[in-house]
Amino acid sequence: MSKKETLFDDEFLKKLEYLNIVSNQMIPGHMHGEHRAKKKTDAGIEFADYRQYVSGEDTKNVDWRTFLRLDKLILRMFEEDADLPIYIFFDASKSMDHGEPSKYDYARKIAAALCYIGLLNHDRVNLVGYADGIAQELSARRGKNQVWHAFRFLESVQAAGPTSMQTAFKSFFSSRRRRGLVVVVSDFLDGSGWEKGFDMLRYFRQDLFVVHVYSADEMHPELPDEVLLEDSETGKTQRLKVTPGLLDAYAEQFEEHCEEVNGYCRKNGYGYVRTTTELPFEDLVLQVFRQGRFLG
Amino acid sequence: MTFLALTPAMAALVLATTAAAVALLYWLKPPPKRVVVPSSLLWDRLLREKKRSTWLDRLRWLISLLIALGIGLSVAAAIGRPEVGSGDAELDRITVVIDNSATMATRTSDGFRRWDHAVAEARSLLQRGSAGGQFLIVDTAGQAPPTNPGDRRDALELLDGLTVSLGGQTQFPLLPESDAPLYFISDGVMVDGIPAEAIPISVFEPADNVGITAFEIRAVPSAPFTYQAFLEVTNSSPGPKEVAVRLSGSGASPRGETMSLQPGESQGRTVELSGFDRGPVRAAVTTDRDAFAGDDFAYSFLPVRARTRILLVSSGSVYLENALVIESGVELIFRTPEQYDGRLAADVYIFDRWAPPSPPPGPALVFLPPDVSWMPPTLEVVDSPQVGGWNRDHPVLQFVSLEDLRVNRAARFAVSGGPGGDGDGGRRPALGAADGEVLVGDQRLPLIATFEIPERIIRVGFALEDSNFRLQPSFPIFLSNALSWMTDEQVARSSPPGRIEVPLAGAAVADLEGNVLTTWPLSDRTVFLAEEPGLYTATRGTRRLRVAVNLADPERSAVNATGFGPEVRAAATPGILGAVEPGGWGEELWMLLLGMAAVLVVGEWFTYNRRLTV
Numbered sequence: 001m002s003k004k005e006t007l008f009d010d011e012f013l014k015k016l017e018y019l020n021i022v023s024n025q026m027i028p029g030h031m032h033g034e035h036r037a038k039k040k041t042d043a044g045i046e047f048a049d050y051r052q053y054v055s056g057e058d059t060k061n062v063d064w065r066t067f068l069r070l071d072k073l074i075l076r077m078f079e080e081d082a083d084l085p086i087y088i089f090f091d092a093s094k095s096m097d098h099g100e101p102s103k104y105d106y107a108r109k110i111a112a113a114l115c116y117i118g119l120l121n122h123d124r125v126n127l128v129g130y131a132d133g134i135a136q137e138l139s140a141r142r143g144k145n146q147v148w149h150a151f152r153f154l155e156s157v158q159a160a161g162p163t164s165m166q167t168a169f170k171s172f173f174s175s176r177r178r179r180g181l182v183v184v185v186s187d188f189l190d191g192s193g194w195e196k197g198f199d200m201l202r203y204f205r206q207d208l209f210v211v212h213v214y215s216a217d218e219m220h221p222e223l224p225d226e227v228l229l230e231d232s233e234t235g236k237t238q239r240l241k242v243t244p245g246l247l248d249a250y251a252e253q254f255e256e257h258c259e260e261v262n263g264y265c266r267k268n269g270y271g272y273v274r275t276t277t278e279l280p281f282e283d284l285v286l287q288v289f290r291q292g293r294f295l296g
Numbered sequence: 001m002t003f004l005a006l007t008p009a010m011a012a013l014v015l016a017t018t019a020a021a022v023a024l025l026y027w028l029k030p031p032p033k034r035v036v037v038p039s040s041l042l043w044d045r046l047l048r049e050k051k052r053s054t055w056l057d058r059l060r061w062l063i064s065l066l067i068a069l070g071i072g073l074s075v076a077a078a079i080g081r082p083e084v085g086s087g088d089a090e091l092d093r094i095t096v097v098i099d100n101s102a103t104m105a106t107r108t109s110d111g112f113r114r115w116d117h118a119v120a121e122a123r124s125l126l127q128r129g130s131a132g133g134q135f136l137i138v139d140t141a142g143q144a145p146p147t148n149p150g151d152r153r154d155a156l157e158l159l160d161g162l163t164v165s166l167g168g169q170t171q172f173p174l175l176p177e178s179d180a181p182l183y184f185i186s187d188g189v190m191v192d193g194i195p196a197e198a199i200p201i202s203v204f205e206p207a208d209n210v211g212i213t214a215f216e217i218r219a220v221p222s223a224p225f226t227y228q229a230f231l232e233v234t235n236s237s238p239g240p241k242e243v244a245v246r247l248s249g250s251g252a253s254p255r256g257e258t259m260s261l262q263p264g265e266s267q268g269r270t271v272e273l274s275g276f277d278r279g280p281v282r283a284a285v286t287t288d289r290d291a292f293a294g295d296d297f298a299y300s301f302l303p304v305r306a307r308t309r310i311l312l313v314s315s316g317s318v319y320l321e322n323a324l325v326i327e328s329g330v331e332l333i334f335r336t337p338e339q340y341d342g343r344l345a346a347d348v349y350i351f352d353r354w355a356p357p358s359p360p361p362g363p364a365l366v367f368l369p370p371d372v373s374w375m376p377p378t379l380e381v382v383d384s385p386q387v388g389g390w391n392r393d394h395p396v397l398q399f400v401s402l403e404d405l406r407v408n409r410a411a412r413f414a415v416s417g418g419p420g421g422d423g424d425g426g427r428r429p430a431l432g433a434a435d436g437e438v439l440v441g442d443q444r445l446p447l448i449a450t451f452e453i454p455e456r457i458i459r460v461g462f463a464l465e466d467s468n469f470r471l472q473p474s475f476p477i478f479l480s481n482a483l484s485w486m487t488d489e490q491v492a493r494s495s496p497p498g499r500i501e502v503p504l505a506g507a508a509v510a511d512l513e514g515n516v517l518t519t520w521p522l523s524d525r526t527v528f529l530a531e532e533p534g535l536y537t538a539t540r541g542t543r544r545l546r547v548a549v550n551l552a553d554p555e556r557s558a559v560n561a562t563g564f565g566p567e568v569r570a571a572a573t574p575g576i577l578g579a580v581e582p583g584g585w586g587e588e589l590w591m592l593l594l595g596m597a598a599v600l601v602v603g604e605w606f607t608y609n610r611r612l613t614v
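Chains as they are written, first to last, in the working numbering: chain A, 1 to 296; chain B, 1 to 614.
No lab work stands behind these hints: they were computed from the structure.
Quick list of the computed label-pair ranges, beta carbon to beta carbon:
1. A:Leu223 - B:Arg128: 57 to 63 Å
2. A:Leu228 - B:Thr7: 43 to 49 Å
3. A:Tyr203 - B:Trp61: 47 to 53 Å
4. B:Val599 - A:Asp199: 55 to 61 Å
5. A:Met219 - B:Lys33: 17 to 23 Å
When the alpha-carbon atoms are kept at most 30 Å apart in a straight line, the in silico DSBU-like pairs for lysine-lysine are as follows:
6. B:Lys33 - A:Lys241
7. B:Lys33 - A:Lys236
8. A:Lys196 - A:Lys170
9. B:Lys50 - A:Lys241
10. A:Lys267 - A:Lys196
11. B:Lys50 - A:Lys196
12. B:Lys50 - B:Lys33
13. A:Lys236 - B:Lys50
14. A:Lys236 - A:Lys196
Each residue gets a CB set at the ideal place from its N, CA and C atoms; glycine is no exception.
Can you make the complete structure from the sequences, with help from the hints?
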């Protein structure tokens with residue numbers, strides 16, 4: 001209970017309000033449906049196209065004038081706003097429960113902030129906690145009054161288990177999902193390979209925005225000369241002689257890992273933001289806005 | 001290689017234990033600390049790249065172990081103090097007696113001193129033994145008394161601390177019972193009583209020397225305020241010498257002359273010093289190829305007085321008045337006891353058979369005084385007392401002979417303490433005794449005594465009219481000495497170099513240049529060390545005492561009077577430079593080993609940080 005209180009307290013909500021105002025200032029013209037795809041339907045106002053009438057269809061949109069001239073049943077099609085859903089995936093594996101402040105809390109705050117902004121803009125927001133599958137899911141919501149549901153959901157999910165983005169994405173998108181924007185907040189320490197997870201998203205033609213979270217001591221760990229390293233997800237241990245040179249090599253390895261994720265996103269036109277947990281989450285959210293993908 | 005601090009077996013045990021301990025510590029490591037990381041994914045990837053070849057890791061581990069073994073074994077071996085090569089076993093346990101008497105300061109033809117050769121020879125003996133051997137270094141002047149033998153380093157340090165002793169007594173030391181070979185390195189001049197088992201090594205080489213064998217300034221008996229210098233020069237060279245003698249002091253130009261001296265010849269000169277002012281006088285002799293400089297100079301002090309104002313209080317003493325009137329530089333004021341006024345200033349007061357009720361403001365010579373509060377009372381009157389003896393060393397009685405002194409009647413008074421106060425065989429002092437020094441007579445019946453209360457007082461226990469003292473030739477000398485002593489104008493005491501005692505408690509001692517010497521105060525005197533000839537002044541308050549430290553000894557100047565025959569082995573002179581100069585790295589390896597350990601530690605640190613070792 002105490003964790004809930006500390007995660008989304010009044011201070012947090014004030015910051016969300018601030019983010020909302022700032023986001024409106026940053027993208028003054030943004031409005032409902034602006035960033036959404038057009039869908040040709042028989043309803044709507046704006047004419048889009050014609051198509052052949054199929055037997056059994058409603059005849060209210062049949063263009064009778066054309067029928068009189070050409071003796072063919074042609075249906076008039078109209079464009080309708082089709083809002084793209086936002087899928088916010090936050091990593092709920094055990095590796096996220098590390099650092100001070102915890103990467104997991106930080107990720108949930110980012111997810112909450114993005115969800116809040118999305119809901120305020122009448123987007124359809126899905127919240128998904130995942131580890132080596134879908135841990136918990138809050139189905140699509142829309143409207144400001146859904147904010148508290150989202151918060152309660154975020155507070156209820158606990159970090160546990162190993163990571164497998166591929167399994168989680170496959171499991172989620174195998175059921176019929178509309179194309180939308182997938183926001184993944186994770187450390188991308190995925191034993192089964194984060195690339196496979198991203199490939200899966202590409203397969204389902206989802207747009208992707210990556211928020212890469214890590215803690216500072218994760219990049220520059222302070223370890224004794226000789227140490228027994230234990231993997232928090234798998235429990236696997238290994239003995240290690242730590243030298244300054246080895247720590248430097250590890251830091252290079254970590255940087256390389258981050259660059260790999262970033263490179264993948266850049267190559268495929270996805271958004272990518274990297275942050276340590278020491279950066280205030282609202283600053284990070286603003287960075288996400290500046291990327292111009294989440295809003296606008 | 002030998003181990004000096006340990007036996008070979010012990011050294012091997014220490015090395016083996018160290019190696020085993022290092023190896024064991026490499027295998028038995030404490031369990032590492034368990035640290036939970038979010039994911040070992042990146043570590044796995046890193047270690048997969050780093051541990052591609054296990055043989056390289058094993059090599060790194062082996063290098064690390066070898067470096068650690070190198071460090072441990074170097075330190076362990078250094079503790080054992082290994083030495084390259086083995087010393088001469090016969091010289092591993094020896095006693096070396098080195099002669100540091102005055103003649104050892106004689107220079108040899110190569111420019112070094114006999115002493116330098118002796119030290120070089122001693123060093124050579126020590127170096128030929130092993131560093132862990134037992135060496136006893138003893139000298140003939142008492143600077144290094146025989147104690148327990150030490151190792152080579154201790155012996156060399158002791159040897160470096162020894163110097164030539166110009167003064168003092170030199171003798172072959174009494175050594176503890178030992179079967180160790182005994183070496184005696186000397187020029188064979190000043191040391192006798194060499195034991196038969198000693199192996200003498202001679203550093204003697206004939207040398208030229210002309211030196212001052214006597215130098216003294218004294219008053220002329222017929223004119224006590226006129227001073228002369230007596231100088232004796234001796235040629236100790238194998239051949240004849242032309243010697244330039246020079247006497248210098250303040251107030252007049254130096255006086256010099258040249259004299260020709262045959263081998264072994266001594267010539268004396270008396271030099272009138274009337275032209276010199278009061279102050280130090282220095283005598284010097286110069287000749288060509290003089291190898292011994294210690295006796296080329298001599299010092300003394302000329303105590304020329306200024307005009308002395310004397311107040312004589314007497315009912316009438318013709319002898320005393322006449323003796324004082326003929327003294328040069330004396331202004332005599334005569335008063336009867338009735339005319340005496342204590343406010344009348346004088347340099348010296350002389351009271352004849354009378355004494356004022358309160359002490360005079362200056363020094364006083366008192367003949368047969370009545371009982372007054374500031375002097376010891378008369379205990380009894382003794383008829384025809386025997387003059388038992390007198391203190392010839394006291395400045396008041398210098399050159400004074402009392403062989404024919406006859407006293408008809410004397411007053412006995414008590415004297416206690418003082419250097420001459422023990423003549424009564426430890427009897428308790430009489431009631432009313434005062435601290436003083438008996439000059440003539442003894443403690444039971446002092447005839448002449450000195451006191452300092454605080455002015456100097458000379459008390460004569462008889463009247464001149466009751467003795468034949470006034471008719472003695474030494475009476476004017478006594479009077480002159482007494483005036484000099486009371487006015488503190490005395491010739492310098494003579495002493496050979498070395499430990500010197502002055503009868504002035506808590507005095508500060510300075511040399512001619514004003515350098516203050518270290519002193520050791522005793523209850524009634526002060527001790528100081530004067531290694532070089534010179535004029536030294538001991539001062540306490542207004543009192544001064546001068547000591548002329550001169551070699552002035554025919555025995556010390558006779559640098560060629562060696563007792564060594566041709567059968568005595570001569571010291572090896574080649575290599576003296578190297579032996580005299582401090583050695584370099586030496587044959588011991590412990591510093592090298594510690595240095596190597598330090599280099600290995602640095603290497604280990606470097607390779608560890610470069611991930612070359614584990």
